[in-house]
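S.K.: Model the full structure from these sequences, guided by the hints.
As you go down the protein sequences, you meet chains A and B in turn. 1 is the number of the first residue of the first sequence in the working numbering; add one for each residue after it. 1 is the number of the first residue of the second sequence in the working numbering; add one for each residue after it.
Hints are computed from structural coordinates only; laboratory data are not their basis. All figures in this text were calculated on a predicted structure; none of them were measured in a lab. Take these hints with a grain of salt, some might be off.
To be verified - Interface residues of chain B toward chain A, partial, derived using beta-carbon atoms under 10 angstroms:
1. 30
2. 50
3. 103
The C-beta atom is built at its ideal place from N, Cα and C for all residues, glycine as well.
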Amino acid sequence: AAGVIQSPRHLIKEKRETATLKCYPIPRHDTVYWYQQGPGQDPQFLISFYEKMQSDKGSIPDRFSAQQFSDYHSELNMSSLELGDSALYFCASSLGSATGEQYFGPGTRLTVT
Amino acid sequence: GQQLNQSPQSMFIQEGEDVSMNCTSSSIFNTWLWYKQDPGEGPVLLIALYKAGELTSNGRLTAQFGITRKDSFLNISASIPSDVGIYFCAALNYGGSQGNLIFGKGTKLSVKP
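M.R.: Pasting the structure below:
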């Protein structure tokens, strides 16, 4: 079965640079979520989109923005990168949100130097 | 804010042993989920629970939704080496319109030396 696709899998950036992470949800899933996971930490919710509209916002810094496009893929844009932004970034998708069943992608490992 | 208290933090298993872990919260949740994460990979959904008192199985895994809706338990029977990894409990949080997941800190399963 098709899973969530994330690209790139690994990204190395320098401080103050920008980064764009992409997420392609499971076909027919209409909701996308972004999570950040620091080393040895649990995933922390950043932001979500339902039917191309932002639906919920978590602990996402103002330097980050995201959107969901007409084909339901989503992009997380990160500017003025800081060392503390180094983490695994996961995208998850679901069909609506009533069941809570979110399916995670393999993640993008961002390293800021 | 809302948080999930997951225990134990880590445990060692010997092949064939049964394993138990749990998650508690001071808040009521209507959906509990259990995920497994391997190093550098995304969390994989194991079991989702929707009803207080519900007991659900997935192969050797059995999870229960506590009657108070403030806790959940995961049991793994007859553990095998591939059970090694980090297990996260998660609860569906309707802070906004669509809901997002909050996670416990994880239980790390390792093989007994």
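S.K.: The structure should be examined with respect to each hint, and the outcome stated for every one.
M.R.: Here is how each hint holds up against the structure:
1. 30: holds, 8 angstroms
2. 50: holds, 7 angstroms
3. 103: holds, 4 angstroms
The structure shown violates none of the earlier numbered hints.
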